[in-house]
Amino acid sequence: MDKSKQIKMNTRPTVAIFILSGGLLLLLILALFGIAVGAADINLSTVWDALFHYNSSETQHQIIRSLRVPRVIADMAIGAAFAVAGAIMQGITRNPLADSGLLGLNAGSTFMVAICFAFMPWLSYNSLILFSFVGAAIGAFMVFGVSSLAGSAMSPTRLVLAGAAVSSLLTALSEGLAIYFKLSQDLAFWYAGGVAGVKWSQLAAIWPWLLGALIAAILLSKSITILSLGDDIAVGLGEKTTFVKIASMVVVLILAGLAVSVVGPVGFIGLIVPHLVRFLVGVDYRWIIPCSAVVGAFLTLAADIVARTINPPYETPISVIFALIGVPFFLYVARKERRNL
Amino acid sequence: MYMTVAEKRKRSRRIWTLIILSVLIFCTFTYSVNAGYSKLPFLEVIKSFFGMADAGTQLIVTEFRLPRIVIALLVGAGLAVSGTILQGISGNGLADPGILGINNGAGLAVMLYISFFPSTMDVPVLFMPLVGFIGAILTAFVVYGLSYSRSEGLLPNRLLLTGIAVAAAIAALITLLTVRLDPQNYQRYAEWMAGNIWASSWQYVFALLPWLVVLGTFAFMKVKTLDVLSFGDQVATGLGVRVEREKFVLLIVAVGLAAACVSVSGGIAFIGLIGPHIARKLVGSAHRWVMVTAALSGGLLLLLADTIGRLIIQPSEIFAGIVVAIIGAPYFLFLLAKAK
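Protein chains in written order, with our numbering: chain A, 1 to 341; chain B, 1001 to 1340.
If a hint is listed, it holds; no wrong ones were tucked in.
Some chain B residues close to chain A (C-beta under 7 Å, calculated; not the full set):
no. : residue
1   : 1161
2   : 1172
3   : 1322
4   : 1329
It should be emphasised that the hints constitute simulated quantities derived from the structure, not laboratory data. In this text the structure is predicted, and so the values were computed from the model without any measurement. Heads up, the beta-carbon is just placed ideally off N, CA and C, and yes, glycines get one too.
Throw the hints in and build the complete structure from the sequences for me.
Right, here's the structure in full:
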């Protein structure tokens, strides 16, 4: 088993364990900080009181409980979701440029949400999430459908091009709906990656899906590692590649779909985080996936804190911050790995 | 000059292609004048071409429908020629001005402009195309700069990937601005970006025409260079073409054409991709023919898209850019799946 030895050699479990434990601690501290900063600055001690000695007659406690805490939780949830979705896609497609935004999933989700806004405004949040999954599936199906028609020769560049074409089609359709039904700016606010208006009811709707998908991702992680070595090797090692691919794609659709349904199409989290994590912990997806969840949650929360303090009282959408970090990173990856592209 | 039978046949096929395309354009043109919220009798439409219809019809035709139709034709032709050049110099059949981020660049500039000059007065609106033009040109320079490498020159794949990435960054900046715009101005921007041929009056036709004539003529003079470049950089260099310099000049022409078009029509993608492909299917690969055929089919496509968009949900309309994307994206995916 040459390959499994190689994986062991190129894996740094100590670093991974450090990221998981230390990362969670840092995440907790950042979360407290994130609750405290905003349009109205609040003392950390007040935050503590609001969380553990809640007094419903105090305005600050109310702000914390009804606005700040759900927002911080949503940041972490979508960060973890996008990052793990990206990690799985990069693993199973062996495409260093894979990301739910670049491969059409976000645009598909947005398209379905635009349809729901236009034709079924009465839908509950829970059904909206389900439609968002379906939308992500449509986007993914189109991109990967094209790539499977092209045979095995679909290079990462071509996949990204297919993603761009599918995204521009679905975005054009969403724009058409938005303009016709005069929903443009409603959708734009929501596209802008706003976590500002997240409510407890939304979080209640997404957490079972998120938890289920993350557990499934961890269960699949060993098989994803084997798949990331290449289909031939995976088959040689007795892996049921088709099953693993389909199961992984379902997990990705759920993760991307629910994240988009909360914040709109935020790209590049799923591109950046797995690269960062692979650089730190090595090539074993049993470590990459949980570490991506933690790092993704941390970075998204940090980005959101930056987003609302950079130019108060305006909110800067986190999608903007991620695009401005993500684009140079994308160009860097594209240049570095151009031999395979 | 002596010609073989095969050459003669090829030549007559090419000429017939041009004739048929022109006839199709004329038919669509006539139909499009008639298509819209107020139906006009066919005879009146024909009469109005010669200034002999009644005053109401004459007004609708000459002041509203004709300029819009002419702009659709010009923009379609301009984008298709731009796409022909880009595909020629990058050696990649998937190149298109929209994919290179030019639409988004123009969009960002227009957005900035609307944010700072929200007035709907005549003068600021007139400046919108100019602003869009500048944005498109600047974006093209950024994409070129980021994908150019001193040792390897201009790599086609890298040009496309850089275009996609830069477009994403610009889209983010646009998002940043949208949230602060008041709803009325936002609607104006959204319609622009969706490829509404909004600038439908004669003054925009006259603003667009000189660009297309000058740059289009220049492009047509360079068809030989494009033919030579399609043999590959090494052969082209061997044949005495200064490859990098020619590529750069042609890139500027392509961007100039696309920028001029996008500035009056808003974000219309895929025409620059489809036009040249259809042309190569119809007339082969000699750029002299490809460019003319692409211009005609691009104009026809955009006019069709605009007409269909006006017909589907009256009295409202679907913008040409959206119709083009609905047709163009599947075609792009088809080409992508087929390409080796």
